[in-house]
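Under the working numbering, the final residue of the sequence shown carries the number 270; numbering is consecutive throughout.
Keep in mind the hints are simulated off the structure, nothing from the lab. The reader is advised that the hints may include incorrect statements.
[To be verified] Here are the computed distance ranges between Cβ atoms for each label pair:
1) Arg189 to Arg218: 16 to 26 angstroms
2) Glu202 to Asp137: 14 to 24 angstroms
3) Arg98 to Arg218: 22 to 32 angstroms
4) Arg201 to Arg81: 16 to 26 angstroms
5) Arg98 to Ser151: 22 to 32 angstroms
6) Gly149 to Asp186: 31 to 41 angstroms
7) Asp136 to Lys77: 20 to 30 angstroms
8) Arg239 to Asp136: 35 to 45 angstroms
9) Ser151 to Ala79: 40 to 50 angstroms
10) Gln206 to Ala79: 37 to 47 angstroms
11) Arg198 to Val236: 19 to 29 angstroms
12) Ser113 to Asp214: 56 to 66 angstroms
13) Glu124 to Arg218: 40 to 50 angstroms
14) Ile111 to Ser148: 43 to 53 angstroms
Beta carbons: idealized from backbone N, C-alpha and C, even for Gly.
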Amino acid sequence: MVGWLCGRSDREPLIVEQSGDGPRTVSQIVASTSTVWLTLSGAGIPKAPSSDADDAPSTKQTLGCIMTLVTAPDASKSARRNELLALAAELFAERGLRATTVRDIADAAGILSGSLYHHFDSKESMVDEILRGFLDDLFGRYREIVGSGLSSRDTLEALVIASYESFDRFHAAVAIYQAEAKRLKDSERFAYIEEYNREFRELWHQVLTNGVKDGSFRPELDVELAYRFLRDTVWVAVRWYQPGGAITVENLAKQYLTIVLDGLTVSRTD
């Protein structure tokens, strides 16, 4: 589609299509462009509201516009970017963040270091994207589980299973998180790590507390100690668990839950 990419400093960019009646707004999207700057008398383009009469736009509002060919995102470039991110994650997990350089990642990918900057502006941005992807996905699943109305026992089981399933889906990211989160959380860029840590504690703590109250778990259970035990024993498994190995995530979760819940649940009678 050929059109105009128009915008004001206080407005979202608009894709405007040229028609016989003048420019017409198509959608508010961001597109890859081949550009030449010009100005366009924006008849038919919605004007930004203004409460200041002196600053009110004229009937024909002049906008800064770009003549552009709007194209779909390059699928091959996106795929290559994902490949590089996955490769970086493996190196970070294996060597540590400090020991892994941009050159290491580029060498492993068979490209020049400068080429990596076409996809990422820094090593930190790669780490950020890796961890955010993992944590956003994990906590999205946690929230769904907690909000699904399951019993306390079933909720705890589902949380453990979701945690172990992340080992397969985000194995390198989990390893990075386990090794580096304590140091990274003090950085402004990674402040969300501490926010997720607090949410994790509140969420799991509440499930255990509810379980004691409704009789699912032993009345004498020390909720804080149980929470710490669960937190540490679930996530430490990433150090030895290998995706595609003899032990599957399903097997791991089943065995872990059998061990833990036999010690937490009230004895059942026939």
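Could you tell me which of the numbered hints above are not met by this structure, giving the numbers in increasing order?
When the structure is compared with the hints, numbers 1, 3, 4, 5 and 8 turn out to be violated.
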